[in-house]
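Given chain H's structure and the hints, the job is docking chain V onto it.
Listed below are the residues making up each chain.
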Amino acid sequence: MATTALSRAPESVAPALPLRRRGIAALGALVLAGAACLALGEVGGAGVLSLGTTLFAYVALAQAWNILGGFSGQMSLGVGAFVGTSAYTMALTMTRLGWSWLPGMVAGMAVAGSLSALLAFPLLRLKGDYFAVGTLAATLALDAWFDNWSFVNKSMGVSVPIQAVPGQTEMYVIGLVVALFAVGSAIVMRWSTFGVRLLAIREDDLAARLLGVNVSGYRLVVMVVSGMLIGLAGGVFALSLVSFVPDGMFAMSWTIEALVMVVIGGMGTVIGPIVGAVAVYYGITTELANFPTLSLFFEGGLLLVIVRFVPGGLWPFVVRTARRSLEWCGTAIRSARATRPPSS
Amino acid sequence: MNATTLVNGALEGGLYALVALGLSLVFGVLRLINLAHGVLVIGAAYAALELFELFRLGPFAALPIVIVVAAVFGYLLQRLMLTNLLLKGPEAGIVGTFGLAVLGEAAFAAAFTSNGVSLQSSLATSSFKIGGVTLEMVLVTACAIAVACAGALQFGLKRTRAGSVLRAAAKDPSTAELMGINVRLVFALTVALAAALAAVGGVLYGVSTGFAPTSDTSLLLIAVAVVVVGGVGNITGTLVAGLAMGLVQAISVSVFGGGYADFTVYVLFFVVLIARPKGLFGQGAL
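The listed protein sequences derive, respectively, from chains H and V. Just remember that this note's numbering sits 10 ahead of the position in the first sequence, which is counted from 1. Just remember that this note's numbering sits 75 ahead of the position in the second sequence, which is counted from 1.
Check the hints yourself; a few may be wrong.
[Stated by the list, open to error] Each computed DSS-like pair below joins lysine-lysine, with the alpha-carbon atoms no more than 27 Å apart:
| # | chain 1 | residue 1 | chain 2 | residue 2 |
| --- | --- | --- | --- | --- |
| 1 | V | Lys246 | V | Lys163 |
| 2 | V | Lys246 | H | Lys137 |
| 3 | V | Lys246 | V | Lys233 |
| 4 | V | Lys163 | H | Lys137 |
Think of the hints as simulated: they come from the structure by calculation, not from any bench. In this text, all values refer to a predicted model and were calculated from it rather than measured experimentally.
Bound conformation, chain H alone (with noise of 0.2 Å):
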C-alpha cells in the first residue's frame, strides 16, 4: 500500500524531538489541559458540565475509533458494538448486581475489550474493505441479538438505577478522566517504538512482518485497546442517558460521529480527533440535535467533502497553512531587512 496523503500523519514527517521526549511533551501538555478543564468545570455552571461530559465522552470516543483505524489502518464501522456491550454490561451488574457505578463501568470496559479480542480472531485476518465489512455485520448482529433476547429486556431496553447515577460535576470529572485516559493512550501509542511499528504495519504489513515485527500480535493489541476505550465511553454515555434500547446502544450512529470526528479532524493524529469532536459536537450534534435526519445528511456529506478535497483533515490543514504563513513571513521580513538601506 502506498502512503497516502489521507493516511500519512504530519508529525511522522520529520520528528524536532527524538520520539520519547516529544511523547512526554505531550503528556505534560495534557496534564496541563486537563487541569484547565477541571478548573473550568469549577468556575462554570450546570450547561459547562453537561455539555463538557458529553463531549469528553465522544473526544474518548474519536480517539479509540482514531488509534484503530488511523494509528494502524483498520477501518471498523463496529463502533457500536462496543458502546453497546459496554453500556449493557454496566446497567446490568448495577441493577441485578447491586453494584456501583465504578466497578460497573470497569466491567463494561473488560467486557469491551473481551469482545475485542474474541472478535479480532475472525476478523484480523480479514483486511480493510473485508475488516470494515466485518465490524459492520458484527455490530447489526448483536443489535438484533439484544432486540430479541428476553434476558435484556428484549427491544424495551435497560436502565441504570437513577439512585446510583453520580452527580452533574463526578459526571464532568469521570468523563475528563475518561477523555484523557483515551488521548493519553494515543499518545503513549503514537510516540514510541510500538506506535512507529504500527506506522509500520500500517503503512506495509508485509514489510514490517519481514523486518520482524509481530503484525498479528500488534493489531491485536491495538483493536483490544480501542475496543477498550469505547467501552469506558459507553459506560459514560449510559450513565448519561440512564435508559436506553438495544436499536440506540447499538447504533451506526456512534461510528459515524467518531469517523465524522476523526475524518474532519485529521485521521492518524494525537490532535487531530480532538479537534474534531468538539466542531462535531459544537457545530452539528447540540445545533441539530432536534433534527436528526438534517444532522445525519450534513455529516454524511461532510465525509464525502472532507475526503474529497481536505483528505488529511482539518488540523494538519491548520499546522500546514499555518507554518506556510509563518515561512512567508520570515522570508518576508528577511527580504525586507536585506533591501534596506543601512542605517548608520
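Leaving out everything else, chain V in the frame of chain H:
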C-alpha cells in the same frame, strides 16, 4: 417448514443475486466494496415510487427510466468522486462510500419519511401453483430476471470485445492504459452498469418486500455475503450463492422465528466471511 417456504426462499435468493451482481462487478474491477451499493438499490426503489406518484407509472413501466437515471448517476459518481478517492488509497474509498451511504439514508428519510413503503403492482399479490407448491409471481419474475442478467453479463464479459477490454482494465489497469484502453472511462462505465443492475434489483425488491431508508445496510451485507461465497467477479457463483443465501434464510426463519431473521443473516455473513474469504467458487470472469 414446507416446500412452498423453501422454494420461495430460494427464489428470493434470486433477488439477492441480482443485488449482488453490481457489487461483485465493482468489487472485481475497482477492488472496492462500495458501501453505498445498498443506497443505490433503495434509491432506485424510491425513484420508482416517485415516478408512480408523479406520473402514475407502474414499477415495470418506470423501470427503464430508473435504470437510465441510475446508470448516469453511477457514471458521474465514479467520474467525480470515486476515481479521486481510489487514487488516495483504500481508506478514502471506505470513508467516501460510507459517507455516501449515510447521506443517502438521510436524504431518503427527509424526502420520503422513515416509514416502510412498497411499490404497488398486481404482480406483488399474484401467485400460481405447481404440484403442491405455491409460487409467488414477483419472486419468479425476479429470479428469471436475475438469471437473464447474470447470463447476459457472463456472455458480455467473456465473449464480447467490450468484455475483454473490461477484464483487461480490471486485471492490470496500468498495462491496459498502455495498450490504449481508456481505463477511467471503463471504470466509470463499470460503475454505471453496476448501478443499473442495482436499479433492477431495487425496483423488484420494492415490489416484493418493501423498503425503508435504512434497508440499505442489510441489503449491502447480504450482497457482500453473496459475493464472498460466490467468489469476487464470478457471475455464475454469485447467482448460485444468491439462491443458496435465500434458501438458508428461509430455513433459519422457519426454525428460529421471524425475530431472528436479521440475526441469522448477519451471523451467516460473519461465518462466510471468516470461513471462505476467497469464495466457494473461486475467482471468476474478472
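Each hint, compared with the structure:
1. Lys246/V <-> Lys163/V: Distance ~19 Å between Lys246/V and Lys163/V Cα, so the pair holds.
2. Lys246/V <-> Lys137/H: Distance ~20 Å between Lys246/V and Lys137/H Cα, so the pair holds.
3. Lys246/V <-> Lys233/V: holds (14 Å)
4. Lys163/V <-> Lys137/H: holds (17 Å)
In this structure, none of the earlier numbered hints is contradicted; all agree with it.
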